[in-house]
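Listed in order, the protein sequences are those of chains A and B.
Residues 48 to 161 in my numbering are what the first sequence lists, from first letter to last.
Residues 247 to 359 in my numbering are what the second sequence lists, from first letter to last.
This list has only true hints and no planted wrong ones.
Incomplete in silico selection of chain A near chain B, CB under 8 angstroms:
no., residue
1, 95
2, 138
3, 149
Using C-beta positions, here's what the derived DEER-type ranges look like:
no., chain 1, residue 1, chain 2, residue 2, range
4, A, 100, B, 358, 47 to 55 angstroms
5, A, 85, B, 356, 15 to 23 angstroms
6, B, 261, A, 62, 39 to 47 angstroms
7, A, 74, B, 317, 36 to 44 angstroms
Keep in mind that the hints were calculated from the coordinates and are not lab data.
By construction, the Cβ of each residue, glycine as well, lies at the ideal position given by its N, Cα and C atoms.
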Amino acid sequence: EAGVAQSPRYKIIEKRQSVAFWCNPISGHATLYWYQQILGQGPKLLIQFQNNGVVDDSQLPKDRFSAERLKGVDSTLKIQPAKLEDSAVYLCASTLGGGYYEQYFGPGTRLTVT
Amino acid sequence: AQSVAQPEDQVNVAEGNPLTVKCTYSVSGNPYLFWYVQYPNRGLQFLLKYITGDNLVKGSYGFEAEFNKSQTSFHLKKPSALVSDSALYFCAVRDIRGDDMRFGAGTRLTVKP
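Bound conformation, chain B alone (with noise of 0.2 angstroms):
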């Protein structure tokens, strides 16, 4: 079965200064991957995905992720963070071959002005 590790409970960072959420996964096949971002009170929602083709994948609001095959990793990055990104990060993964969609336990990203 898939599995999804988020290793940082708890990421901080300056405003303006890139940021890095980490997420590694493990599927017995190829991967769909996701990440979502959950503010207070409110639902998740969806920022990008990997299915295939270029590593470098680019979402909603300015993030992006990088898929990288030989270290199972889909790190979710910024190159200049806002305040308002400030929320719950979650790393979702999804073997291509299967419905079953995995979550990490989420990485609270804190922005301080």
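The following block holds chain A by itself, in its conformation from the complex (with noise of 0.2 angstroms):
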């Protein structure tokens, strides 16, 4: 079974540029995260999907932060603009559902704002 995949795994931008990430989740699972993980940090939820549809953006910084998710699978996370303190990890997360059921992780896109 392939896991899940995101891409880049490092991007290094200006501040004030604009970013975007991507994410295909492992096939069948309906839900979908994205996390910002700070160095020194456990992983922040940003949003989370349900098929198409958003359950969970309460801690998107919606000024500068947009997600969508087409058709309900992959996934795109943006950035614009960005500012220093978005230097992190971008996870990216999958699961059958909510509950009990574990989150299966992509690699992660390592984003540094100079």
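Make the complex out of the two chains shown on their own, each in a separate frame, by following the hints.
Pasting the structure below:
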């Protein structure tokens, strides 16, 4: 079974530029999450999708971050414009459902904003 | 809202010795509890979870965890540590009535030969 795919793996941009991350979840997984992991901290949920609908985006900084999941499969997370404090690893995870189902994580995208 | 505390930033053990990585949680209802491991430049990998039933849960790579409701703890254990167990370990909790999963800050485990 193929895992969660993410690209790019690394990205360096200047502040005020824009950036986009892509995620392809495990086939058949209806629920998809984007997390932000700042160095030395645990993952923090940014947004959760159930199929192509948003379940929870309460911690997404909507003035600069946006995400979509077209057709309920792939997802894209965008930051525009980026700030220095956005430097982090962005993790995508998918799962069969909520509750007691474990999440499967992609390798992450390490973003450095200079 | 639920929360997780991992009181130790760093745990050091000698190879062959038992290891424990501590986790305490707070939820308003009953919890689902998870342990994940993260190797350098990799995403998180699922190790084990507690749903209900037996308080001792066995998972991947010889790890196990004990759920203690009275102490609201879910400590990760392994009888004999390997150098290859060196990694970052995260505990996570989800209230059974909700979808929101919260992660601890992580504990870095170092196993020395």
